[in-house]
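Participant: Take the sequence shown: its position 80, counting from 1, is numbered 79 in numbering that gives the first Met the number 0, and each next residue is one higher.
Keep in mind the hints are simulated off the structure, nothing from the lab.
Please note: incorrect hints may appear among the correct ones.
As a list, the in silico DMTMM-like pairs of lysine to aspartate or glutamate whose alpha-carbon atoms are at most 20 Å apart [unchecked claim]:
(1) Lys356 / Glu372
(2) Lys266 / Asp397
(3) Lys8 / Glu62
(4) Lys428 / Asp531
Remember, predicted model here, so these are calculated numbers, not experimental data.
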Amino acid sequence: MFLDAVYPKNIHMHVRRFPIKDIPGFSDSDIATLSHDDRLLLFDAWLNRMWLEKDQLMTRFFEYGELGSLTASEPRIRVPLIPHSNDWIQIALLFSAAYFLLRFYWSVVRFSFSLVAHVLLSIFDFVGLERSFLWLVQVQNGKKNHHHATYTNTYTNTNTNTNTNSGMDVLRSLLFGGDSIPGSAPGSAGAASSSLLDTDPNSLATTSGVGSVNVQQQQQQQQQQNRKPIFYINLVIFSVLVSTTALAVCLLGLPAAIPLVLAQRLKVKETVFQLIHRWFRAYVRHLERAFAASLVLIAAVFLRGSVLVVTGDWDKLDCSKRNLVFSNHQIYPDWYYLWLFAWFRNCQADFRIILIKVLASLPLLGQGMQLFEFIFLNQKLAQDRVIIHSSISTALADGPHHPLFLLLFPEGTLNTPGNVSKSRAYAEKNRIAEHPKYCILPKSTGLYIMLQNLTPDVDECFDLTVAYGGVAADEVPYEVLLPDKVYLEGKYPREIHVDVRRHVVAELPGFRASDAVAAEAQETEAIKKEFDEWLRSVWADKDAKLANFYATNALTNDRKEIVPLIPRVEDWVYFIALFAGLYIVVPIYARIVYWAAVVVWKVTVGVIFAGLVQLFGVSRLTVWAAFMVYFKQTVGIEDVTIL
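Starting from the given sequences, assemble the full structure and let the hints guide the process.
Facilitator: This is the structure we're talking about:
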């Protein structure tokens, strides 16, 4: 009919209207007196009569070419099927909407493809396989040249670009031990610089140049060739477990973070903000406990047989109080093992670390750390003083029922050969007699500022000395225990030794009762120097413990507690609850995103429609009909016959 031009020239329609109350079986009397079956029989008889009348109308039509009678009381309307101006506007609206909708769907498809491509690139970029997958990015960007030389050039440019500091670059440098953490500020190991935290490990000692880059690439290629299939299996499992857990924490923590962020932006009263923050911490503590449970599960899966060997004053570390903890820093997973130590003392829900700000850009993990209120420093002393004061003041204002386990690495960087050289040079320059053999000189500024802000609420601090089994005295722990070797290759320490020493804050230089008088007498520099010497003496004692460990496989001869890294019942409950919560909230977030897109789409279409109306002008009837169709409303038609 539509293609062969064979169609009826006239379409006859006869319309009759029936009030519901006049239909047999639906009148008030029928409803009141008849049963359901009797009413159904009446309605069936009436419907048969209607169809007989319809048959009579069709007979009349075939005899006379008309439907119904031609009495004057029955109106007739002849409607030519020719588009009006309103129809053209509606067609324009329809095609405009289709155009924008297609563009929207195409953007969704491109975004999905881009997301999958970047996820694949991020995963395989870790293990040195990004050459094989660069075509995904090139196809996405519309590049037509897919020659292998293009892959090689792009690969080289990507890996030699020192200006990138994306979250994936930071994550890769942490997992596989890059030359430096992208985006971290330079510093000097052991120096009392303007930053409270130094840079990442090798940034202080690694020479730059084409030769060193080529050597590093050759080493990476050699490592890639030596990797076994189990490495890639572990990589997938580890990535899925960590990313899913971090995603669950972020999605479940978002409803609690929104009121807190709004309170900060709106600058509400201090009392109101404290109430919101207390509720926020009470909720987030459960999320942090669940995340710590996942860390224990990771230890059970990837670090099977590992144990904590704890000595010293560990039983004096009270999880119900606020605690400042500082430790030596040898490998990237230090924070992981110290979080497990906090789990052993039941402090895992209040664990916080002092970190450099660039680590906040880690995908998912960075958002999770911000949710847990880790303290990120800009490595600029003036700014960091404000950040520390604000963070600690907020934590103290929560009240004594909110404990704290605040971890600081006074060395500010890892104990790598390059940083040891820098630290020794600093010691010679400042005529420091003895330099540690297994540590680098600590910086006292950060610890001193922390104690200033925490006193008098915190009356003691704890010094942790960490050593790893399986590392010889002539080996560098940073090189032996890189994260990829620890978590993915099975080359992890079976014993993690932690020695705990308690220090009373009131007995430390600068915090004694007599020091308050000295501070008033403008003797703060002398007090600060005395605090520096005290911290160096602590590090000298720490170095002696490490020397004893490499000789006897024990930090001290004190009583020890062996803690297997096996999930407890509570950990399984929190871990299962975390993923159950993720299962619940994902559809909710999907609904929110869907309806947000629908609202945006309807508003966009409404704006376009209003613009067309303003441009061309339409009648009120057309606007009414368009909106009724737009909102899927139906209308009745009065009794009319169309010829």
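Participant: Look at each hint and say if it fits the structure.
Facilitator: Checked hints:
no., hint, in the structure
1, Lys356 / Glu372, "holds, 12 Å"
2, Lys266 / Asp397, "holds, 18 Å"
3, Lys8 / Glu62, "holds, 18 Å"
4, Lys428 / Asp531, "holds, 16 Å"
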